[in-house]
Every structure is written in structure tokens, then in C-alpha cells.
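Student: In order, the protein sequence lines correspond to chains A and B. Quick note on my numbering: the first sequence kicks off at 1 and runs consecutively. Quick note on my numbering: the second sequence kicks off at 1 and runs consecutively.
Any given hint could turn out to be false.
[Unchecked claim] For lysine-lysine, the following DSSO-like pairs were computed, each having C-alpha atoms within a straight-line distance of at most 30 Å:
{"#": "1", "chain 1": "A", "residue 1": "Lys4", "chain 2": "B", "residue 2": "Lys157"}
{"#": "2", "chain 1": "B", "residue 1": "Lys186", "chain 2": "B", "residue 2": "Lys222"}
{"#": "3", "chain 1": "B", "residue 1": "Lys195", "chain 2": "A", "residue 2": "Lys4"}
[Claimed, not checked] What follows is a list of derived Cβ distance ranges for each label pair:
{"#": "4", "chain 1": "B", "residue 1": "Glu5", "chain 2": "A", "residue 2": "Lys4", "range": "32 to 42 Å"}
{"#": "5", "chain 1": "B", "residue 1": "Met219", "chain 2": "A", "residue 2": "Thr34", "range": "18 to 28 Å"}
{"#": "6", "chain 1": "B", "residue 1": "Ala343", "chain 2": "A", "residue 2": "Lys100", "range": "48 to 58 Å"}
{"#": "7", "chain 1": "B", "residue 1": "Gly215", "chain 2": "A", "residue 2": "Met96", "range": "39 to 49 Å"}
For the record, the hints were derived by calculation from the structure and aren't laboratory data. Here a beta-carbon is modelled for each residue, glycine too, at the ideal position from N, C-alpha and C.
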Amino acid sequence: MGLKTADINEHTPWQDLTTGLQIFEPATSKMFHTGEWRTNTPVVDWSKCRQCLLCVPYCPDSCIAVKDGKREDFDLDHCKGCGICVKACPFNAISMKEGK
Amino acid sequence: MGIKERMSGNEAVAYAMKQVNPDVMPAFPITPSTELPQFVANYISNGQMDTEFIPVESEHSSMSAAIGAEAAGARTMTATSSCGLAFMWEVLYVAASNRLPLAMAVVNRALSGPININAEHSDSMGARDSGWLQIYAETNQEAYDNWIQAYRISEHKDVLLPIMICQDGFITSHAVQNIELIEDEKVKAFVGEYKPEHYLLNTNETMAIGPYANGPYCMEAKRAQAQGMINAKQVILDVAAEFASISGRKYGLFEEYFLEDADYALVAIGSACGNIKDAVDELRAKGIKAGLLKVRVFRPFPGEEMAEALRHCKVVAIMDRAESYSSQGGPLGAELMAAMYRAGVTSKAINVIYGLNGRDMTVSMVEDIYAHLAEIDKRGLRSEDHYNYIGLRDKEVR
Numbered sequence: 001m002g003l004k005t006a007d008i009n010e011h012t013p014w015q016d017l018t019t020g021l022q023i024f025e026p027a028t029s030k031m032f033h034t035g036e037w038r039t040n041t042p043v044v045d046w047s048k049c050r051q052c053l054l055c056v057p058y059c060p061d062s063c064i065a066v067k068d069g070k071r072e073d074f075d076l077d078h079c080k081g082c083g084i085c086v087k088a089c090p091f092n093a094i095s096m097k098e099g100k
Numbered sequence: 001m002g003i004k005e006r007m008s009g010n011e012a013v014a015y016a017m018k019q020v021n022p023d024v025m026p027a028f029p030i031t032p033s034t035e036l037p038q039f040v041a042n043y044i045s046n047g048q049m050d051t052e053f054i055p056v057e058s059e060h061s062s063m064s065a066a067i068g069a070e071a072a073g074a075r076t077m078t079a080t081s082s083c084g085l086a087f088m089w090e091v092l093y094v095a096a097s098n099r100l101p102l103a104m105a106v107v108n109r110a111l112s113g114p115i116n117i118n119a120e121h122s123d124s125m126g127a128r129d130s131g132w133l134q135i136y137a138e139t140n141q142e143a144y145d146n147w148i149q150a151y152r153i154s155e156h157k158d159v160l161l162p163i164m165i166c167q168d169g170f171i172t173s174h175a176v177q178n179i180e181l182i183e184d185e186k187v188k189a190f191v192g193e194y195k196p197e198h199y200l201l202n203t204n205e206t207m208a209i210g211p212y213a214n215g216p217y218c219m220e221a222k223r224a225q226a227q228g229m230i231n232a233k234q235v236i237l238d239v240a241a242e243f244a245s246i247s248g249r250k251y252g253l254f255e256e257y258f259l260e261d262a263d264y265a266l267v268a269i270g271s272a273c274g275n276i277k278d279a280v281d282e283l284r285a286k287g288i289k290a291g292l293l294k295v296r297v298f299r300p301f302p303g304e305e306m307a308e309a310l311r312h313c314k315v316v317a318i319m320d321r322a323e324s325y326s327s328q329g330g331p332l333g334a335e336l337m338a339a340m341y342r343a344g345v346t347s348k349a350i351n352v353i354y355g356l357n358g359r360d361m362t363v364s365m366v367e368d369i370y371a372h373l374a375e376i377d378k379r380g381l382r383s384e385d386h387y388n389y390i391g392l393r394d395k396e397v398r
């Protein structure tokens with residue numbers, strides 16, 4: 001079994017990294033907040049949202065979680081602000097605001 | 001005690017491939033290495049090998065498929081030449097940085113242009129910074145022997161880097177020479193089964209290969225990769241020593257031919273060393289202390305060892321079968337002179353470009369080079385000595 005991703009950080013010397021930076025566990029993307037790249041942020045107007053859930057499969061970063069048949073707010077740790085959900089929403093319930 | 005045969009260099013390497021019988025071979029044909037996948041395909045259809053052969057649409061694909069297969073946990077090989085190797089460029093680096101110990105037969109041929117199919121080292125020399133190990137051969141026998149040793153070096157846990165086994169196009173790919181093959185069972189015992197510690201098809205371990213790495217990790221990953229190359233030197237020597245015990249043939253990082261007491265030495269790679277040895281024999285018969293350092297391993301570069309072996313020489317000619325277009329000479333010249341300077345070696349050294357696009361370097365041309373070295377010894381180095389061509393039609397007399 002290789003090193004765990006949690007055992008490696010920005011202070012790890014080269015000798016202690018895995019060979020070829022290989023990773024030996026799934027779902028490590030949860031640990032990396034790629035939402036930091038975002039320049040624009042989607043916002044839901046909950047009064048317009050009908051919970052049709054069309055936005056959910058369109059999101060390329062799986063940032064719209066569904067619980068008990070209803071979508072939750074965006075996972076902004078991973079949303080990169082692409083705006084596809086805005087186009088996917090038939091009720092104009094999602095808009096982009098400038099900035100993070 | 002070995003099997004005496006007569007084989008072309010491609011036949012010999014294909015025979016070694018059959019004996020090693022790796023799991024996967026993706027390949028795309030290109031002269032002069034085309035015969036290698038052809039021979040392998042024949043062996044497979046004759047039931048003499050059980051390698052999975054993947055015909056692909058380009059060399060970029062053959063190397064990409066090789067990377068995938070090796071990452072999956074399969075011992076993988078491919079073969080190419082010239083522009084085929086150039087077309088693999090992007091993925092060569094990926095194979096090395098992912099630490100995948102696949103093996104590739106490189107039948108050296110000039111890169112275009114002018115478009116030409118003959119022997120030159122510009123293809124593999126261009127890939128010298130890609131992180132691959134590189135071992136070169138003078139003869140068909142050496143190409144065969146190097147292939148048998150390839151996986152033992154590349155798969156070693158202290159190395160884990162891909163390896164190129166290089167031979168000169170046509171000269172040691174198509175010309176037929178006497179050869180001594182090793183018995184199948186000895187080869188199998190020597191090479192052993194491939195048992196990677198980590199691989200993608202391992203059902204007991206989740207794994208990702210080749211993840212994106214951001215700034216804080218890349219430099220450390222490259223330093224770790226460089227350590228594999230540094231470690232390879234000793235591994236190559238250890239594997240060679242073990243190989244000698246099954247074959248009786250001894251290999252080092254380089255070969256010294258009458259070098260021990262030589263005043264004038266040539267340093268060269270590959271098949272041209274045959275003619276250089278003939279010239280050395282003739283000059284020695286006349287009492288001239290000529291010698292040769294034949295480079296076998298170019299990556300890792302045995303700079304310290306070669307500088308030490310040349311320390312006593314008065315004048316050295318470093319021979320390059322590839323241009324660098326640096327205005328300074330070729331790649332071997334540049335690297336070896338740097339190593340000599342670092343080691344404080346004070347022998348005079350010049351760089352000679354020879355044999356481009358398969359041009360012959362005859363024994364008499366080699367003798368001219370040794371005569372040039374003796375002249376430099378007498379009159380001292382001049383700026384025009386540093387970088388020159390042999391076997392070139394030239395209006396100026398040099």
C-alpha cells in the first residue's frame with residue numbers, strides 16, 4: 001500500500017513523495033478546493049427554482065448535490081463558475097454574479 | 001554453451017524479444033525498425049510467443065498504448081526509428097515521469113531533413129533529455145545482449161525508468177553477423193517474471209497514475225526521477241556482471257580498447273567503433289599509441305568514469321553521429337567535454353562530426369583523425385580544430 005494523500009503536503013521532501021506521484025486512494029479531489037479558480041459564481045433564486053433538477057446532470061464538476069429529491073446549494077469548493085447551469089435552467093432561476 | 005547463429009541485427013533483437021516474451025507490444029512500422037514488429041508478429045502467429053500485439057495508427061499511439069499497458073501492469077515493449085521516435089516525443093516524457101519501465105528498440109536513423117533513411121544518432125540523441133535510459137550497441141551481438149538485460153535494469157526498484165536499446169540503422173539492423181544466442185531457459189531465468197509493486201489492474205489497490213501536479217510538487221517529482229537515473233549506473237553494472245555469468249560476455253558503462261596507455265583516443269558510439277578498432281590495430285602495429293573509448297551507456301551519462309579513463313591521453317577526438325546545430329559540435333562532445341572539465345582532465349579535446357545519414361567512416365578516415373590528433377599534440381590546439389567534419393566534400397583543405 002502506498003502513501004496516503006493526506007500524508008503528503010507542500011512541506012514533504014522529494015524523497016518522501018510517491019514514485020511518479022502515483023496516488024493510491026480514490027476521491028482525492030475532495031481534498032483540493034479547485035473552486036478557487038472561479039472568477040464568476042452561480043447564484044440560485046430559490047423563489048424561481050422548481051426543483052426540476054435539470055441543472056444537476058449538466059454540471060461538469062458535480063457541484064450540485066441532490067438530497068431527498070431536491071437540489072442543494074452549489075458546492076463552491078469545487079464549482080469553477082462555468083455557467084452551464086445558467087443555460088440549463090428552464091426557469092431562469094440561476095444567474096452569475098461577478099467574483100467568488 | 002550458447003547457440004551459434006548468423007543473424008541480422010533486427011533478427012537478433014526480435015529473437016531476444018521472443019525469448020523475453022513480454023506481455024504487450026504496440027508498434028507502428030518505420031524503416032529500418034519495421035522488421036522488429038514483423039518478426040514478433042510472425043512469432044506470435046506461429047505460436048512461439050504469447051505477446052499481445054496491438055497494431056496502432058501512429059507512433060504517438062504506439063507509445064501511448066505502451067504507457068497504458070505498462071501502467072496496467074503488463075511488461076511492454078515497442079520499436080521505432082527516426083521520425084517515429086520524434087512523433088513519440090510528448091509521450092516519451094510521460095512514460096519516464098510516470099516511472100514506467102517499458103523497453104523500446106530504437107534502430108537509429110537520421111531525422112528529416114533532408115529526408116533519408118540511413119544510420120545517424122539524431123533521433124535518440126534528440127530524446128536524450130526525455131528521462132529514458134539509453135544503451136547503444138556496436139554489433140548485432142551487443143544489441144541482442146543489451147535487449148536481454150533491458151528489463152532487469154529498467155524494472156529495478158531503484159531505477160523504474162523506461163529504456164531505449166539502440167542499434168545503428170542498416171549497419172546493425174540489416175547486415176548479417178555471426179552471433180551467439182543464449183538458451184531460452186537461461187534467458188527466462190535471467191529476466192524473470194514481471195511483478196510490479198503497484199499497477200492499475202491490481203484489484204487489491206486503488207491507484208491513479210500521472211495525476212496533475214501543481215507547483216509545490218513538480219520540482220520534487222523531477223528530482224526523484226533524476227535519482228532513478230543516478231541509481232541506474234550501479235544497476236547497469238550489477239546486471240552486466242550477472243549477465244556475464246550466463247553468457248561469458250562482459251559489459252560495462254563503456255568499453256576501453258587499447259585505451260589504458262593511449263596517447264591519442266577516439267570516443268564514439270555504435271557501429272563505427274568496429275572501423276575505429278581496425279584503425280587502432282593498424283596504428284598500434286606501427287607503434288602509435290592509439291586507443292578507443294566506446295560509449296555503451298549514454299543515459300545515465302558516465303561522465304566521471306569516462307573523464308577518468310581519458311585523463312592520461314594527450315589528445316582526444318569525441319565523435320558525434322548527430323549534429324546539435326549549436327555551432328559548437330554534437331551532443332557527446334558537449335557532455336563529455338563538460339565532464340572532463342569538471343574532473344580537471346587537461347587532455348586536449350576536439351569534436352568531430354561523422355557518418356551523418358549513413359555516410360561511411362572508413363578505416364583510413366579514422367587514421368586521418370588520429371594523425372590530426374598527433375599534429376595537435378605537436379603544434380597545440382587551434383580554434384578551427386574544435387569542431388569539424390570527417391568524410392565531407394569541402395573546398396577548404398583542413
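Student: Against each hint, give a clear statement of whether it holds in the structure.
Tutor: Hints, one by one, checked against the model:
no.	hint	result
1	A:Lys4 x B:Lys157	holds, 20 Å
2	B:Lys186 x B:Lys222	violated, 37 Å
3	B:Lys195 x A:Lys4	holds, 22 Å
4	B:Glu5 x A:Lys4: 32 to 42 Å	violated, 53 Å
5	B:Met219 x A:Thr34: 18 to 28 Å	holds, 21 Å
6	B:Ala343 x A:Lys100: 48 to 58 Å	holds, 56 Å
7	B:Gly215 x A:Met96: 39 to 49 Å	violated, 29 Å
Violated hints for the displayed structure, listed by number in ascending order: 2, 4 and 7.
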